[in-house]
Each structure stands twice: as C-alpha cells, then as structure tokens.
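Starting from the known structure of chain L, arrange chain R on it as the hints suggest.
As they're listed, the protein sequences go chains L and R.
Quick note: the first sequence uses the numbering used here, first residue 1, plus one each step.
Quick note: the second sequence uses the numbering used here, first residue 1, plus one each step.
Please keep in mind that the hints were generated in silico from the structure rather than gathered at the bench.
By construction, the Cβ of each residue, glycine as well, lies at the ideal position given by its N, Cα and C atoms.
A hint or two may mislead.
Said to hold, decoys possible - Derived CB-CB ranges, DEER-like: (1) R:24 to L:188: 45 to 53 Å; (2) L:48 to R:226: 29 to 37 Å; (3) R:126 to L:87: 38 to 46 Å; (4) R:26 to L:120: 24 to 32 Å; (5) L:11 to R:213: 51 to 59 Å; (6) R:24 to L:168: 48 to 56 Å.
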Amino acid sequence: MRLGMVIDLKRCIGCYGCQIACKAEHGTRPGTTYARVVKREWGVYPNVKKLSIPVLCMHCAEPPCVEVCPTGASQKRSEDGIVFVESDFCVGCRACVMSCPYGARYFQDEQRDYFDTGENEYEQALYAAHQAGVVEKCDFCRHRLEQGQEPACSANCMCKARIFGDLEDPNSEVSRLIREEGGFQLNPELGTDPSVYYLPPDR
Amino acid sequence: MGERIDWRTGETMAFPDRLDLQRQDLSQVYRPQREWIDGRGLLIVIAHFFSGIGAGAWLWSTLYDFPMGQALAIGCVIGLSGVAHMAFLGRWDRFWRMLRRPHQSWISRGIWSIGIFGLAAVASMLPAVRDSAAAPVVLGLSVLAATAILLYEGFVYAASRAIPFWRTRLLPVLYIAYGLRGGAALLLAVAAFGGSGFDVRAVEVIKLWVVVSTAVLILLYLVSSTRSGGAARESVAQLVAGRISPAFYGGTVLAGIVAPIALALSRDALGLPELVLLGAIGLASLVGDFYVKYCIVKAGVYVPLVAAEGVGSPG
Numbered sequence: 001m002r003l004g005m006v007i008d009l010k011r012c013i014g015c016y017g018c019q020i021a022c023k024a025e026h027g028t029r030p031g032t033t034y035a036r037v038v039k040r041e042w043g044v045y046p047n048v049k050k051l052s053i054p055v056l057c058m059h060c061a062e063p064p065c066v067e068v069c070p071t072g073a074s075q076k077r078s079e080d081g082i083v084f085v086e087s088d089f090c091v092g093c094r095a096c097v098m099s100c101p102y103g104a105r106y107f108q109d110e111q112r113d114y115f116d117t118g119e120n121e122y123e124q125a126l127y128a129a130h131q132a133g134v135v136e137k138c139d140f141c142r143h144r145l146e147q148g149q150e151p152a153c154s155a156n157c158m159c160k161a162r163i164f165g166d167l168e169d170p171n172s173e174v175s176r177l178i179r180e181e182g183g184f185q186l187n188p189e190l191g192t193d194p195s196v197y198y199l200p201p202d203r
Numbered sequence: 001m002g003e004r005i006d007w008r009t010g011e012t013m014a015f016p017d018r019l020d021l022q023r024q025d026l027s028q029v030y031r032p033q034r035e036w037i038d039g040r041g042l043l044i045v046i047a048h049f050f051s052g053i054g055a056g057a058w059l060w061s062t063l064y065d066f067p068m069g070q071a072l073a074i075g076c077v078i079g080l081s082g083v084a085h086m087a088f089l090g091r092w093d094r095f096w097r098m099l100r101r102p103h104q105s106w107i108s109r110g111i112w113s114i115g116i117f118g119l120a121a122v123a124s125m126l127p128a129v130r131d132s133a134a135a136p137v138v139l140g141l142s143v144l145a146a147t148a149i150l151l152y153e154g155f156v157y158a159a160s161r162a163i164p165f166w167r168t169r170l171l172p173v174l175y176i177a178y179g180l181r182g183g184a185a186l187l188l189a190v191a192a193f194g195g196s197g198f199d200v201r202a203v204e205v206i207k208l209w210v211v212v213s214t215a216v217l218i219l220l221y222l223v224s225s226t227r228s229g230g231a232a233r234e235s236v237a238q239l240v241a242g243r244i245s246p247a248f249y250g251g252t253v254l255a256g257i258v259a260p261i262a263l264a265l266s267r268d269a270l271g272l273p274e275l276v277l278l279g280a281i282g283l284a285s286l287v288g289d290f291y292v293k294y295c296i297v298k299a300g301v302y303v304p305l306v307a308a309e310g311v312g313s314p315g
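For reference, chain R alone in the conformation it holds in the complex:
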C-alpha cells in the first residue's frame, strides 16, 4: 500500500493497491503480468484447472466406463469451469461474442470446445441416446471436444507474443499432460472417497507414469525457458528463487510430484488401506495440478520495452 498527499487537506491518504502496483511495475525492466492472476484474474487459472481435470477425467472415465466419473467431469467443465470463466470476464453478458472467431483466436476455439463438449457429453449420458445407434457418434464427439479442451488451454497462453515464458510449444504439451494426470487424480480421489464401480488399480499405474513424465516435462520447460531470452529467464528465476518459489516448491514440486511418488513407493511401510492411499495420491496430485498452472501464469513477465542498458535491445 502506497501513500499520496491530498492536495486540498494536506493529509496523507492511502494510495490504491492496484494503482500502486501498476506504478511500481512501470518502473521495472521486467513488468509482471497481473490481469490473469491478481484479484479476479485468479478465476481464469481456476477455470483452466477445472476444465483441464474435467476433460481429463472424461477421457479416463470413458475409457474405463465409469459413469460417476463422467458425471463429475461434466460438473467440472460445465459447472465449475463455466462459472469461473463467466465470473472472470469483465462483461459476461456478452460471452456469446467469443464464439465469433474460432478461425483466429484460441479462446474462441476453447469456448466452442467447451460448448460442444457440454452438449455431447450430457447427450451421451441420456438413456435415450445411450441405447441408440447414434451413441458411438455422440460419445466420439465428446471425446474429441474433451481433447480439444486439453489442447486449447496451453495455446491460449502460448499465443501471447509479449510473454516469452509462455511462448513455447512445450506449454500446450505440459497443459495436456497435466489435464490427463489431473483427470486421473480426480478419479482416484472419487473412487477412494465413496466412488464405486471403478477399478482404481488400472488408473494408478498410468497415474504414476504421468506424474513422472510431467516432472520431466516441467524440468524441460524450465531449462528451455532459460534459453529463450532475458524475460523468460527472469520468469524462471522468479519461479525457482523469487517471489513465486514458495508456491512452486510447496505446490508444484512437493504436493504435485514428490508426494504422489513417495506415497506410491512407501505403500507397504505406511500400511494404509489401498483406497485411502490412492485417494491421498489423487488429492496431492490435484493440489499439484492447480499449483503448476498457478505458478506458470504468475511467473509471466513481459518482454522489456527498454533493456537495462539502452533502448530497443531485444529482451
């Protein structure tokens, strides 16, 4: 909180937070992005988290024929993610306008994907459709739309030319991997805490494989970012040793990578019932899935207008 002097009374007044931050940002070489993380901006991270794990859960549930998981997936994508998306928009009453430019904008493609997924997924669960000849087509459409949801999120960020940390082909791959592991984690948690009719062991093996591969992906992403110019290097520095490091180490690394692997490897030593153990792995993974998206978005800094040592140098 900054301060300013009221010119009429001479009293010291509190300077508004957002404006104070903005003023502070403008004086920095590396200006952090705030619109998609601070205040109401956090809702876009929450929206992408729920649509990612929802789409992933739909794919796993369809593969293993788990209706409860499918219902939950619809709730995540249409309910939770939909509400978060709407609440994030400055003018939600105009949301339909976002359908206008799928040929150019990844956000528009995402809205189409979510819309088609909602219709196809709900329809595929209706008994009338399920028992009809159209069932494979509708289900296939829902699977395609869920895949498109996993795909579009990373591209929304990667389309930002101004933020080098996001502008890489690895980011969409990372978002797809985290959507798939988030979906599996959700099903593990549901199966452990009251779900039924689902063989959790089948997903557990896949889940652990995905946890390990996402850890490798994160490492690759960070290493490649350090070679993408000053702004991307600054983002990595903020993640591993700066303002975002507590969330990165606590959420992404500890909860999202170390805890699931440690729990899986020490299952005999812990002596916990299998379902409880798998549920714990699922919950830890979900926390990690949220934090990886939070950290990546929070670490975004703009390419500098003016380099530290002069004008017009590339950042």
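So that you can see chain L by itself, here it is in the shape it has in the complex:
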C-alpha cells in the first residue's frame, strides 16, 4: 500500500480550511504549518490568473529528507509509505530542511506563543506533544488513520478538493483521478516521486 493524496486545483478556492484544520489537529506553534496554501498570480490585466496551491509533505517514494538524515530520525514506513520524524532521535541538524524541495519541514527553535498572555489550556495540552530543538512535519495524521479516519486537511476540505487513498490500488479514487484527469507531481525532475498529486486547474 502507498498512501497518497490528490489535490484538485480546479476545486480549491484557497479558503485555508486545510491549514486551520491541520493546526487545530496538531496544535503547532506559530510559524509551523504542516499544510499551507501557496497563492500565485500571473499575467497582465485583464488577462490575469490566480491559483491557490495547497502544499504539504509530499511523502515521497524517494524522500531526500530520509536520505540525508544522519540519525535515522526521518523515516519512511514500509507498510504505507508515510514519511515521518521520530522526534526522540532528531538532533536538529536541519539537513532534511535543506533537502526538502517542498518546504514541508519546520525546525522547532523558539518556543513562541500566539498571544502575549502565554499559553491557554488548549495550547498547553497540544504543545506538550512537540519537542523543542527538533524538526517536525506532516505525517498524514497517523493517529487519525489508526482510528479509521482520513487526515484532518482532507476531512475538513469543504470543496472536496483533497482526496486521500491508496496509490497502488488501481481501483481507488486517487488512482482513477490521476489516470483520467491528468494528475501531476510537483518538481518531478528532482526524482523524489511525490505521493501527492495535483489535478490541473484548466481542464
């Protein structure tokens, strides 16, 4: 099994719902957004285009972050291809941050709060799961998958722009969309073979 995601750029309206759902699920500190939305505009008035591109860890089949990690903290699960960080092994050398072409990794340097009044109860409870001085990233919500749920970002997408499934199953929804709707990967020339595919906005 190879878990992956298809993101339909025609459906995405750039509402940041995935970003907020991810932050709420993982309780990440300011500056850490495992799922983020990149916006690009190009062209000259009146021929202007705007695109919202949700970006997360691509859970590459050939993850460059795992390759450069000196401690083995960055790992890829053999059973489903999920790339994750074993925080207890991480030394915070940031080699993985340098090697990730998708900007999916965040070094937990300064322990900042959102508000000057310090942490509220919700933050206290969720921040406890995050170590200082290590690198963190999206893990396709492993804890939710174990409970039979899909990742928080796709569960919360109101436009159904994110579809989660098994890329190795030719009958899965993700495989069908990639096959029939022209799914493509970001930066395929780097040889990372991402497990996150995008469907073109103009189709």
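The following block gives chain R in isolation, referenced to the frame of chain L:
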C-alpha cells in the same frame, strides 16, 4: 519587522522577525534557505570554516613537520569547530546519534571523520606514540581523517536536492581547495605572529598558487551555476548583484583573492618585513576563506514549487 493587530486590545504589535521573514519567503518564487545561515544557523558556517582550515593546517603541518601548526589544527577542528557544531544543533545532547548512518549521510561521515581525526591526531603527538612503531600508522590515519574532513563538507551541501546552487560536483572541489588554502593561510599567520620552527617560504609559493586556482574555481562554479536552472541562476544573481554582493565582493573577492595576490606582487614596493607581509597575506586569506563559505551558503535558494508562469514547471 512586521506588524499585526492584537485582536483583544486593537493595538498594533510588532510581528516576530523570524515569522515575518518566513511569511515573506513563502510568497516568493525563489525561497531563500535560512536555517543554515540566519541566527544560530551561522554556527554551521563557522564550524565548517574551522574544521576546513584545521584539516588543511594539519596536512601542511605534517608535510613540513611543524608541531605548533599541528596543535593549532587540533584546536581548530576539535575545539572551535566542535563547539560550533554542538551549539548549532537543536539537541546537542543527542549528538552521538549522528554516528549511526555513515553508509548514507554525509553529516554522519563527517562526524566520524572528525572523531577519528581527534583521536589519531592527539595520539600522534603523544611522545609515547611518536617514538613507537605505531607512529606512521597513527599519523597516516590522522592524515586520512583530515582529508575526509576536507571532503565531506562540500558533499553535505551538494546532497541537498532542493538547492540547485549547491548540487554540483564542483562544490566539494571548492571546499577542498579552500580548506587547503585556509590551512596554509593559518600557518602563515601563525609563523608571522610568533610561531617558530617553520619555513614560511615553502608554504608561500603553494599558497599563492592555491589562491589563484581557487579564484579560477570560483569563476567556474559561478559560470556553471548559471546553466543549472532558474534557482541556481537566482543564487548567482544574489551573489554578484543582489543582497549578498557586499559580502561576496568585500570578503570573497577583495580580501580572499585580490588582497593576497596584490600583497605578494607588491612586496618590494611596500618594503615590509617578510614575516609581516606573509602574515598579512595569511590573515586576508582567512577572511576570504570564511566569506566564500558564508556567501555560498547564504546564496542557497530552493527550487521553486511553482514557477512564475504556472504550476509544475521545472525551476
């Protein structure tokens, strides 16, 4: 420094620097790397500078049998570089874990090299070992480890698939050349300012040759980078005409290349004592050696997620 509104009081608050930069970076096509240069990230450049010149100094000192230079080399690699490496890590208390993957990671290979160098170099200087039959083996091991230190640094950067400016075979060659010239520069400076028992003239000729060849290498590196895609071209643009150009022209070109050559060529006109002149050449070179590493690391930008004119195009 950016600003944001406190939703409870309505007051304008200063937005944190790092987060402000991060937000700014995410909106750019070419996102600069910051983790290995800004704030505590500068320590990795300092660590690589000291381990490079230390390893180079060890090789020259061993070649010319200069014990003071050897002691200094150990101080640079184990002392200064070691401390900078540890201070750079987010969790230095787990540093031993970096020994686990020499089969795959260049950082791991580097830590092994530094460790073996420390043990072998210190052992080779002990009288008990120096006078024993094991002396050539221990010294040979230290020379091999010093060579590995020179080798690994460039590969640490070249292993980053996301930063095209670093991903070239020329970078490790450049780091080796700069480590060797940095080591020679260190010995020149030491010999000039109080060192003894070392024939500086022997190194001076080699030093000048290395200065000229590193200048050629830098030029080759920049020219080849302009042919390695948009992100690498952006890095070169930032070096020669952008945000890093003051450090590049002042540190790398002026202090590191022009000053050593100019001082060497105008020695008769200046009329300075030879040792002072060589010391000045050494110090200028050391400044240049630091800045070349600083500039290369600072100029690293990521391959764009989305090209300026659409999605999924190679950068």
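Practice problem: Given the range 29 to 37 Å, decide if the beta-carbon distance of residue 48 of chain L to residue 226 of chain R lies inside it. | Solution: holds (31 Å)
Exercise. Kindly confirm whether 45 to 53 Å is satisfied by the beta carbon distance between residue 24 of chain R and residue 188 of chain L.
Key: For residue 24 of chain R and residue 188 of chain L the Cβ distance comes to about 28 Å; the hint is violated.
Quiz prompt | Distance restraint evaluation - residue 26 of chain R, residue 120 of chain L, Cβ atoms, bounds 24 to 32 Å | solution = holds (26 Å)
Quiz prompt | Whether the CB-CB distance between residue 24 of chain R and residue 168 of chain L falls inside 48 to 56 Å | solution = The hinted range 48 to 56 Å is violated for residue 24 of chain R and residue 168 of chain L, with Cβ atoms some 39 Å apart.
Quiz item: Taking the beta carbons of residue 126 of chain R and residue 87 of chain L, is their distance inside 38 to 46 Å?
Solution: holds (41 Å)
Quiz item: Okay, residue 11 of chain L versus residue 213 of chain R on CB: inside 51 to 59 Å?
Solution: holds (57 Å)
Checked against the numbered hints above, the structure violates hints 1 and 6; every other hint is satisfied.
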